[in-house]
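Novice: Make the full structure from the sequences, and use the hints.
Protein chains in written order, with our numbering: chain A, 1 to 182; chain B, 183 to 444.
No lab work stands behind these hints: they were computed from the structure. Every clue listed holds true.
The list that follows gives simulated cross-link-like pairs (lysine-lysine, DSS-like), each with its CA atoms no further than 25 angstroms apart:
(1) A:Lys170 <-> B:Lys186
(2) A:Lys159 <-> B:Lys205
(3) A:Lys168 <-> B:Lys205
(4) B:Lys256 <-> A:Lys47
(5) A:Lys138 <-> B:Lys186
(6) B:Lys242 <-> A:Lys43
(7) B:Lys242 <-> A:Lys41
(8) A:Lys143 <-> A:Lys168
(9) B:Lys379 <-> B:Lys413
(10) B:Lys205 <-> A:Lys170
(11) A:Lys59 <-> B:Lys242
(12) A:Lys47 <-> B:Lys254
(13) B:Lys186 <-> A:Lys159
(14) B:Lys421 <-> B:Lys433
(15) B:Lys376 <-> B:Lys392
(16) A:Lys59 <-> B:Lys256
(17) B:Lys332 <-> B:Lys376
(18) A:Lys82 <-> A:Lys56
(19) A:Lys68 <-> A:Lys82
(20) A:Lys56 <-> B:Lys254
(21) B:Lys260 <-> A:Lys62
(22) A:Lys82 <-> A:Lys31
(23) B:Lys186 <-> A:Lys161
(24) B:Lys254 <-> A:Lys62
(25) A:Lys82 <-> A:Lys43
(26) A:Lys56 <-> B:Lys242
(27) A:Lys143 <-> A:Lys170
(28) B:Lys213 <-> A:Lys170
(29) A:Lys138 <-> A:Lys47
(30) B:Lys376 <-> B:Lys310
A partial selection of chain A residues facing chain B, derived with a Cβ cut-off under 10 angstroms:
(31) Arg22
(32) His29
(33) Tyr55
(34) Lys59
(35) Ala122
(36) Lys138
Some chain A residues flagged as far from chain B (calculated, every beta-carbon gap over 10 angstroms):
(37) Arg27
(38) Ser71
(39) Ile87
Because the structure is a prediction, the values reported are computed rather than measured. Heads up, the beta-carbon is just placed ideally off N, CA and C, and yes, glycines get one too.
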Amino acid sequence: MKTLTDEELMELIVGGNLDMMRHLFQRYHIKIYNFCWQMTKDKDLSKDITQEVFYKVIKHRKTYRQNKFSSWIYAIARNLCKDHYKILNKTERLNDKNLKDTYSINDNRSEPLGNISQLNFALDQLSNSDRELIVMGKYQGLKYYEIAKITDSTLGAVKTKMHRAMQKLKDSYFLKTKHHEL
Amino acid sequence: MNCKDIVNLINDYKYNNLDYTNKTLVEEHLKSCSSCTQIHQEFIHLIDTINQVQEELPDKDLELNFNAMLAKEKLALKTSKSIAFKPKKKVLKSILQVAATILLMISCYVLGSYKDRASKAKEIAFLKQEKTEMQTVATLSLIDNESASKRLQAVSYAKDIAQPNNEILSVLIAKMKNDKHTNVRLAATNALAKFAKNTMVRQALIKALKTEENANMQIELIQILVDIEEKQVIPSMEKLLQNKETPNYIKDHIKLELKQII
Chain A
1 MKTLTDEELM ELIVGGNLDM MRHLFQRYHI KIYNFCWQMT KDKDLSKDIT QEVFYKVIKH
61 RKTYRQNKFS SWIYAIARNL CKDHYKILNK TERLNDKNLK DTYSINDNRS EPLGNISQLN
121 FALDQLSNSD RELIVMGKYQ GLKYYEIAKI TDSTLGAVKT KMHRAMQKLK DSYFLKTKHH
181 EL
Chain B
183 MNCKDIVNLI NDYKYNNLDY TNKTLVEEHL KSCSSCTQIH QEFIHLIDTI NQVQEELPDK
243 DLELNFNAML AKEKLALKTS KSIAFKPKKK VLKSILQVAA TILLMISCYV LGSYKDRASK
303 AKEIAFLKQE KTEMQTVATL SLIDNESASK RLQAVSYAKD IAQPNNEILS VLIAKMKNDK
363 HTNVRLAATN ALAKFAKNTM VRQALIKALK TEENANMQIE LIQILVDIEE KQVIPSMEKL
423 LQNKETPNYI KDHIKLELKQ II
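Specialist: Printed below as a string of structure tokens:
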């Protein structure tokens, strides 16, 4: 079973062999969890969303038509995160206490980790759509065409948006660093 | 090419995504432009930092929850399969119902026809009895009629009765012994031959042969008694043989019949 592609496994699952879902879970749950984690910075929520993603994959297995499974599962995860923002927008995401705690702890750590906390801060300054592009493209190493599929966009549009998002992230990151250095 | 264009290219440059011409162009520019070099350095640093980000590992309970959910879904699939199977059961049920209905109809028909036959048999028995009674009445009423043909008819009615009662038999015996017309007597004798198993009839026939004087009647009686293999007839027959008044042809007949019976 390990040699089967995601799509072949999905075919078996659609055919009623739900046990095959375990293999897909092993292949994707950490990626999906990290995507959610980067998007929400909430471990419990990320766990819930990841669980929900796999639940939806099983529930809606009959509607699976895409030829690439990874695009499909990321699209599901992305939509669930989006739903989460809609609720969260009312309570304002950056007021999250846990998030601030994370920064304060990391401030006392060694240099590379300090950089990461700056990166986290910079990432948080971005809009949701910019952030998800960078998380998918740079953190998770998805190809541009895959991101285009997930976000229902074109390759060119993804490239341009990614470029702009990276610029913003860089500016934000180095502004923070400079601010620190000062 | 100004710095703005180069910055746009740098993004692709750092991922080695540029063709040779653009790549050399960027490299040449970076050598001479310090601000673009800084931007490039910053990007490299940013990418490095991103690459340092380690994957978060979810708690074990994510997998546990997943397994629980999967088990639940598998169970749901099983039940939904059995639910999908239920309509078939329904079809089977309705087929059984139809079969039961047909069976019920057939059994009702069989029972009905059986009962019908039974009641018909009763009816027939009743009708037969009625017929016998009517024949008895007809026989009794016609037997003393003045017309010989009516009397013959009465005798033939009596003959048709399957199980005549003693009254009919005694009337027939009387007619055999005594009637103005030999034909009627012969007919009555003939009718009695049919009921020869009855002891009363046998005795009457044997007795009649002893006293009978009419040749036709003698022959008829001998014939009947021999046919029923009545041994008691032998003395009467021998007596007739010895009797001088007995015509020769009767004697011949008796001899012939005697051989048969002995």
